[in-house]
Each structure stands twice: as structure tokens, then as C-alpha cells.
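These protein sequences, in sequence, are chains A and B.
Sequential numbering of the first sequence, starting at 1, is according to this note's numbering.
Sequential numbering of the second sequence, starting at 1, is according to this note's numbering.
Hints are computed from structural coordinates only; laboratory data are not their basis.
Careful: at least some of the hints might be erroneous.
What the hints assert, rightly or not - Covered stretches of chain A (chain B as the covering partner; in silico rule of three or more C-beta atoms under 8 Å from a C-beta of chain B): (1) 52-63; (2) 106-117; (3) 256-266.
Said to hold, decoys possible - Computed, partial: chain B to chain A, Cβ under 8 Å: (4) 50; (5) 54; (6) 56; (7) 58; (8) 89; (9) 131; (10) 132.
Nothing here was measured: the structure is a model prediction, and the numbers come from that model.
Each residue gets a CB set at the ideal place from its N, CA and C atoms; glycine is no exception.
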Amino acid sequence: MASTIVEARGVTKDFGTVQAVKGVDLSIAPGELYGLIGHNGAGKSTLFKMMLGLIPITSGEIRIDGEPVNGPRFRETRRKIGYLPENVVLYDNLTGIETLFFFADLKAVPRRDCAALLDKVGLSHAAGRRVREYSKGMRQRLGFAQALLGTPRLLFLDEPTTGLDPGAIRDFYRILRELKGEGVTMVLTSHILAEIQERVDRLAIMEGGLIRATGTVQTLREAMNLPLTLEIAGGAGLAEQVGRVLEGIAIESIEEAGSVLHIRLPREAKMPALARLATLGDTMRDLRVREPSLEDVFFGYRNG
Amino acid sequence: MMGSGEWEVGNPPHRQPPTPCSLLPAPCSLLPKTNMFSIDFRQIAIVAGKEFWDRIRNRWVLAVALVFTAFALVIAYFGAAQQGAVGFRSIEVTIASLVSLVIYLIPLIALILGFDAVVGERERGSLDLLLTLPITRRELILGKYTGLAAALTFSTIAGFGAVGLILSPQLNLTALFHYAGFMFSAILLGLAFLSLAVMLSVFASDRTRASGLAIGTWFFFVLVFDLLILGMLVVTAGDYGGAVFPYLLLLNPADVFRVLNVFTLDEVRTLYGLATVFPEALSNPTILGGVMLGWIVGPLAVAIWRFER
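Using the sequences and the hints, build the whole thing.
What follows is the structure in C-alpha cells.
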């Protein structure tokens, strides 16, 4: 088995005179849950399509499990891949189970596996109903079941939770965790950064056709050196006392919202500040350290 | 399953020797090379099966078959009403009348059936998902075409076959043979226009344009083409290219169909009064059938070529 399951080297893509992807290097290890984030037009859809072999690469190369996706062993390579497109479109005239049968046949997966997959995504009750009667969330679940046909080793999930309600989103990530436990690699894009920040192992931030940063959410935070926020709740006179004990520490800002103080300070000032705040005793009812969110990190890279 | 070595990838790693493809500019990269051995017939059959059953289930096949039956019966029994007679006359006159009908109807039905085949999937967004599966673009097109062709062929056989059965007590073996020949040529006509439709479907950027192109194709081949040739003939008063003129008809599958049916039936040939001006080659059903085959394979090959780019 290759040490990387997805490997991109110097990948570019030109559409006429516009260069949508400008030299991307990327490597994803087997079993990783990898996030690809970027605003619309950042090039992530184009990169996704090249990884799936849907559009030719202008220069560079992409290998899936050591093979070019459209290479001589392309059928084997594609059997390892499951794909859930954004706003998946299936065939309205087929029932749920017939839809899976069709894709199972094309992937050379036995039809008897289909019912269990419908069950896995919570669609057993609608197996015999036409897809045209499905809600958006049900279509997305069916699309996900389709992607899971043939126990793929690599899943590409493009905005996978679009149209799902909060319960379904939770179910969806539960299945992703199970798959991760089975060693499946997953590459997913999402606009909802708060949703993926606690769930992906690593991520890449794309901007202007380039990957601006890769790493875990924590390493990206540290690399950006974004300020963090201490939230302190307490009684009367809290602001003055906090101001007093933190004197001499480089604080960026202090805001008071109701009975809670929000103190923004550089990462390196966190431990000295906490040590001094501990001396406040009962004046302080509660303290929380809020790390910058993935959204903060993302906009940090975009603007920085 | 698929043999290996039929695809070439641009920008190979340094350890590999350069392939002819990798020496070319970038657009060559990741494109499949033409190789017949890369075809997996199972994948074609799966796509074809879906297309065919879709048409059976939405009653397209039934509706078209009923239209054919109804029209053919009306023509067989009332075709001579203008001459003051009602009832079945001869098979040759019936075929001649059916040809006039089918030459409008079948191209239209085939174009409507096929114009959506690729562009429809692309516009709805289901094409990308299909293309990430272990199926080549060529297999996808061939599967779509085969399934749609099966639906059209089934309708044609059921529709005109029913009429053949109804008429059979009044037909001798030769007449039945002629009728079967007519049905076979009607199938070929349908397959040729279906091939054109699939080609348009690959070239068109959206469904609206594809439907416009389909209507345009119908107008051109069914209405305009003969007028153009006739106009040329009249303008030149037959001085130039008079001998080439009959062969120009081979450039139109609808005309090939007409020639196939009209000039292989003695009575009809006399009826049209054209027996003497036509070259011998054009009354040879094998040659005409071959031309029709070309009209089926040609546009489909262009569609595959374009879709693989």
C-alpha cells in the first residue's frame, strides 16, 4: 500500500487564458479525514474534478493509490473511489433501491449489498419509492449510499451535508467516523467551517488557485499566531480587578458584554495571564479559553 | 474487463520514458487513446438496459408503437380514398404511402428521442457522477445509443408488425417480404437519425440548443435537402452534374430510405415514372443498406470522438 493515497504534484489547470489551479502539491495519507476549504472560485472544485479524473490536468500529476486516475488501471482505481457530488442528481424515475442497483451494476458490486447500504443511511423505509418523491436530504443520503457502494477506500465528498437537517448531519459524521475506523480515506469540502473544524484530521486552505496552508486546525492556528480570547464571568468590580492583575501583559482588547469580559491576547501571553488570573479567587466565577475558530484562521489566510 | 496500456497520461514521472502523448502540449494529458480493446461490453449493456427500461416504463415505446399502428392502418385502408376507393389495395401502393409518412415521422421521433441523451445528463448534473464510475466515455455513449436504439426498434417492429399481422391474410409471401423489407429500412432510418441526435447531444452546450439543432436537422434532411437538389437541377437545367445528381441523394439518410423502398419495388418504380433515369447501383438494396449503415456509424463515431476530447 502506498504511504499516500492521494498525491498531487505541481498540478495546474488552465481554462483558456485563466489559470484556475496554479501549481498544487498535496498528499493525503490513508485513513485521513481531509478537509479542503476555500471560497467559491478558489479552485477547489476544479482540483476535486481533476482528482476524480473528470477534467484533464494541464500540467503536473495526480496519483490515487499510486496510479493516475485515468491511467491504464483506471477501472481498478475507480472502484476504490466513491464520490458524492454537491447537490447530487440521481434519476427521478427510479426508486431508491433501483438507483443503487444501477450504480452497483456499473461498479460490479453485488446487488445484494444495496439494501444494507440503504439501511446504513436511514432510507430503508423509502427503498421502493421513486426518487422524485424524495426530499433534498433523502436524495443526499441516497447519493451517499451510492458513494459507499463497493466499500471504497477513498471517498470524495463535495459539500456533503448540504440540505441535511442537524440530526442527519450528526448521523452523517457518525458514519464518517465508522468509515475512518475501517481505514477509509475521506476528502471533503465544506462551506460550513464550524461544522468541519472539530471533525477533520487535516485540512488545506485554497485561495486563488493555490493551497495557502495545510495542517491540523491547531497547527494552522499556531502558524497564523492569531490572538485567542479569554472569557471571564464574575461579580461586581471584575473589570477593574482583571485590569489590575493583567497590568504589564500585552493585551489586544478588553470588551465587557453583560457580566462577561472578553479579553483578546496573543497566544504567548496566555499562560502568564492565566497564572495571574488565578490569584483573583472568588471574584472570578468562570473562565473559558476560546481558540480562534477555523473561520478566523481561514479569513486570516485570505486577508494575510 | 479492460486490458491495460490503452491510456496514456501526460507529464509522467521522470523515471518513465516519455510517451508520444507526453511530448505533446498539455491538452493531450489524461485523454484516452482510441483503442477498441478498451471496451467493456458489460458496462454498455448496463447503461443500455437502463435507457431501454426507462422508455418501457414511461410508456414511450407503447405510445410510439400505437402511433405507428394507427397511421399505418389508416394509410392501408384509406390511402386510396382520394381516388374514390376505400379498403386495402396492393402492398406496393401501401408501402409507397407508408414511405411518405414514415420519412417525416421516424426522423422526428428519433431526433426527439436522442437529442437529450448526453446534454440532458450534463445539464441536470448527473453526468459527472457517471463519469467517476469504472466506465469509459465511449462505453457511456454506446450504451446510451444502444438502449435508445432498442426502444425505437422495438416500437417500430411492434407498431408496423401489428399492421403486418392484420394485413397478412391478404398478403402473399412476396408481399410479406416487401413489407418486412420496408420495416427493416424504417428501423435503419430511425437508427441513422438517432445517431445524428446523439451526435448533436454531445456537441450542444445545453438542452435548448440541442433541441434547436434537432429541429434544424429534421428541417434540413426532411424538407430542405430535396428542394436544394431540385433547385440546383432546375437552375443548371441539368447541364452540369446530371449524372451525379442521383448520388447526391445518398447524402441524406431520408432519401436513402425513400430510394430503398421506391426503387426496389417494380410497381412503384413505374408509378413514379423514374425507372429509366436512375443508375443501377441505386436500386441495389445491399449498397443502399451499406450507405444507411454508414449514416448510423458515422455520426456515432463523431459523437464518441468529440465526447472523448
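Status of each hint after checking the structure:
Coverage of the stretch 52-63 of chain A by chain B holds in this model, with 9 residues showing a Cβ closer than 8 Å to a Cβ of that chain against a need of three. A count of 3 residues in the stretch 106-117 of chain A with a Cβ less than 8 Å from any Cβ of chain B is obtained; the coverage claim is therefore met, three being the minimum. Closer than 8 Å: that is the beta-carbon criterion, and the stretch 256-266 of chain A has 0 residues meeting it against chain B, so the requirement of 3 is violated. Annotation: residue 50 of chain B was flagged as interfacial toward chain A, and the flag holds, the nearest CB pair being 6 Å apart, inside 8 Å.
Restraint check, residue 54 of chain B versus chain A: the minimum CB separation of about 6 Å is within 8 Å; hint holds. A cut of 8 Å between beta carbons decides the hint on residue 56 of chain B: the least distance to chain A is about 11 Å, and the hint is violated. Because the closest C-beta pair between residue 58 of chain B and chain A is about 7 Å apart, less than 8 Å, the hint holds. With its C-beta approaching chain A no nearer than about 44 Å, residue 89 of chain B sits outside the 8 Å limit, and its interface hint is violated.
With its C-beta approaching chain A no nearer than about 6 Å, residue 131 of chain B sits inside the 8 Å limit, and its interface hint holds. Evaluation of the residue 132 of chain B hint against chain A yields a held restraint, the C-beta minimum of about 4 Å falling below 8 Å.
Hint violations for this structure: numbers 3, 6, 8, all remaining hints satisfied.
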